[in-house]
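Since each chain comes alone in its own frame, lean on the hints to assemble the complex.
Spelled out, the chains give:
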Amino acid sequence: VHTASWRQVRAREVVGMRIGHRARPAVQARRSDPAVPGTPGTRWALGEAMGDQTDLPHERTVDDPVDALDDRFRAQVLPELEVLYRVARRLTRSPADAEDLVQDALIRAYRGFARFDGRHPRAWLLTILRNTHVNEIRKRRPDLLDDEIAQRLPARGPDGRDDGTSERALRNDFDPLVLDALARLTANHRAVIALVDLDDLSYQEAAEVLGVPVGTVMSRLHRARRKVRAHLEAAGFTEVH
Amino acid sequence: MRMRRRLPVPLPPRPDCHVVGAVLQAYLDGELGPKDAEVVAAHLEHCERCGIEQATVTRVIDAIRHQRPDLDPDPVERLGGFVESMIEHGGHAGPCARGD
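Protein chains in written order, with the numbering used here: chain Y, 1 to 241; chain S, 1 to 100.
Honestly, the hints are just simulated from the structure, not real lab data. Careful, some of the hints might be misleading.
Claimed, not checked - Stretches of chain Y that chain S covers, calculated by requiring three or more beta carbons in the stretch to come under 8 Å of a beta carbon on chain S:
1) 77-86
2) 93-107
3) 123-129
4) 220-232
Unchecked claim - If you anchor each label on the Cβ, the simulated ranges turn out as follows:
5) ALA187(Y) to LYS35(S): 50 to 60 Å
6) GLU48(S) to GLU233(Y): 12 to 22 Å
7) PRO12(S) to THR186(Y): 51 to 61 Å
8) ARG223(Y) to HIS18(S): 42 to 52 Å
Unchecked claim - Partial pick of chain Y residues on the chain S-facing surface, computed with a CB cut under 7 Å:
9) LEU69
10) ASP70
11) ARG72
12) TYR110
13) ILE137
14) TYR203
Yeah, the Cβ is synthetic: ideal placement off N, Cα and C, and Gly gets one too.
Extracted from the complex, chain S is given alone in its bound form (with noise of 0.2 Å):
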């Protein structure tokens, strides 16, 4: 589960575009909390100039997320094993360990 980050004041009502600014990031992260998360979105669906802010930043996000690595699931995999192994064995490595 994700944590939520709370902010320290919570948000107004209807927050001005630069206190939605100061917040778009962690939005866009999924660190706001849901009723702080409701009124970004609100202020979003009607007020342009933060709508562009908010699709051009996701553009970049989106960009820089499509870079993930493409993780080889072999050792995964042996760690899933590693820790059967552990469990079987009271908390020792066991014989499965470093790639036995």
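Looking at chain Y on its own, in the form it has when it is part of the complex (with noise of 0.2 Å):
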């Protein structure tokens, strides 16, 4: 099978040649996508920085209709909606927000998705929904420093308040002390914990939704667990012997 060139593939994307059998409107043509990871003036190390992938980055041909390339975007980004949709709520104030959120930067992965190379989609996804996050808050606080941007971002943790969990019946003699002990963290430590323990992102992801080093994600997780931890031994939780 002839592979084509990513020019091709572009080029059959701007004209909206269509191999598949529906008809439906022209994609229109792919703009550089300052949110969009891959997209010329981006900058895009996640996955390429990690030295042991397994799954090889998939390969367009000239036989690859934009059915396929639909059937690729719906395998590869329907699996995440969960927790796109868990960290958009972290992010934003409301559930109404967080659906527009994702929303958003679902377009925006669409649009984006030929110059995907197809490793590790969340970690894609989650680059492309913080991203579309910061243009959002800086549309609507066009004074805000980049710094005071980044403050915004970790905006709420497991702190028993708007996150569901004091709706939930406790489910074991731990929670009512676990919960006490993640209110006391800081924000950023409730921030670690919340998309790491309770979104189940890995580091990696944690640390490009946060906008910080890995090394920082591992540290702050550590003394964040620390801290609970020493709150439920303190109470006479957690000893094993």
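Listed below in structure tokens is the structure:
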């Protein structure tokens, strides 16, 4: 099978050439999108920096119809919707804002999908989500500096108020203590716990969402867990003999 | 797929407790590569002190993860519908966006 160059793939997208069966509006020409990693003018080190990839980037061919591209998009994006929404809930103030944010990020992801190398779709999507969120903050508050925007990112952790934890029935003896311990953490520590322990992100993915180095995620996580542990141990829990 | 963190220097074949302690968190979070994870697992098998530490840290992590809030499935379902609609409309929001 002849492998098309990126230029050929792009040309096919721009002119709206279709090999699929369904008649649809032509996909608009992909423009550089600063929110989407991999498009010109963006920095996209995630994944490339990881040395132990096991999945190879997918290869585009001239026999690769748009439908197949759409199928890949579905296959790579649909399994990540829950994580995207969970993270968006932490970044925004309301469920409706979170849904809007994910929708905006999905549109950007779809438009930039031809340039996505196929590795680590979750990390790629989380980066788009974060960049989309930063862009929206910037639009609303152009006066904010980058550092101030970064401070707004880990908006909410498991603080027992807005993320639903307070509405759940307590599940075991630990729960009140753990919630109390989490509430006492700093916002930065709570954010890391929320992303890694509650939303199940990898260190690298959490680092992307927070805009900090992986080492910072690791050290914050370590300190945060130590504080929770100390809180539980002070109450007589967690001792194993 | 979870991305594993590659250590700057591979673990020695028989690391001491200090080395294992330094990577225990990454090990428990599934962030070590398979070879390093094997080395740590082998150490934990025979080292009682590190085994106790592992059990304690695991218990703390489990307690925290137990606080994971239940997620309302409706928004996620709607987002799935949004993806289909967006694809159908060639990358535009489509009629089901914004809760329509």
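Now the hints, each set against the structure:
1. Judged by the Cβ-Cβ criterion of 8 Å, the segment 77-86 of chain Y is covered by chain S as claimed, because 7 of its residues qualify and three suffice.
2. By the rule of at least three residues with a Cβ nearer than 8 Å to a Cβ of chain S, the coverage given for the segment 93-107 of chain Y holds, with 9 such residues.
3. Coverage of the segment 123-129 of chain Y by chain S is violated. Counting CB-CB distances below 8 Å, 1 residues qualify, and the rule asks for three or more.
4. Remark: the segment 220-232 of chain Y is confirmed as covered by chain S, as 6 of its residues place a Cβ nearer than 8 Å to a Cβ of that chain, reaching the required three.
5. At roughly 37 Å, the beta carbons of ALA187(Y) and LYS35(S) sit outside the given window of 50 to 60 Å.
6. Here the CB-CB span from GLU48(S) to GLU233(Y) is close to 19 Å, well matched to the stated 12 to 22 Å.
7. At about 35 Å, the CB distance of PRO12(S) to THR186(Y) disagrees with the hint of 51 to 61 Å.
8. One distance hint, 42 to 52 Å for the beta-carbon pair ARG223(Y) and HIS18(S), is violated here, with the actual separation near 19 Å.
9. Taking 7 Å as the C-beta contact cut-off toward chain S, the hint placing LEU69(Y) at the interface is violated, the least distance being around 10 Å.
10. A hinted interface residue such as ASP70(Y) counts as satisfied when its beta carbon comes closer than 7 Å to some beta carbon of chain S; here the least separation is about 5 Å, so the hint holds.
11. The closest approach between the C-beta of ARG72(Y) and any C-beta of chain S is roughly 11 Å, which is over the 7 Å cut-off, so the hint fails.
12. Residue-level restraint check for TYR110(Y) holds (minimum Cβ-Cβ distance to chain S is 5 Å; threshold 7 Å).
13. Interface restraint check for ILE137(Y): the shortest CB-CB distance to chain S comes to about 20 Å, outside 7 Å, so the restraint is violated.
14. Given the 7 Å rule on beta carbons, the hint for TYR203(Y) holds: about 6 Å separates it from the nearest Cβ of chain S.
The structure shown violates the earlier hints numbered 3, 5, 7, 8, 9, 11, 13.
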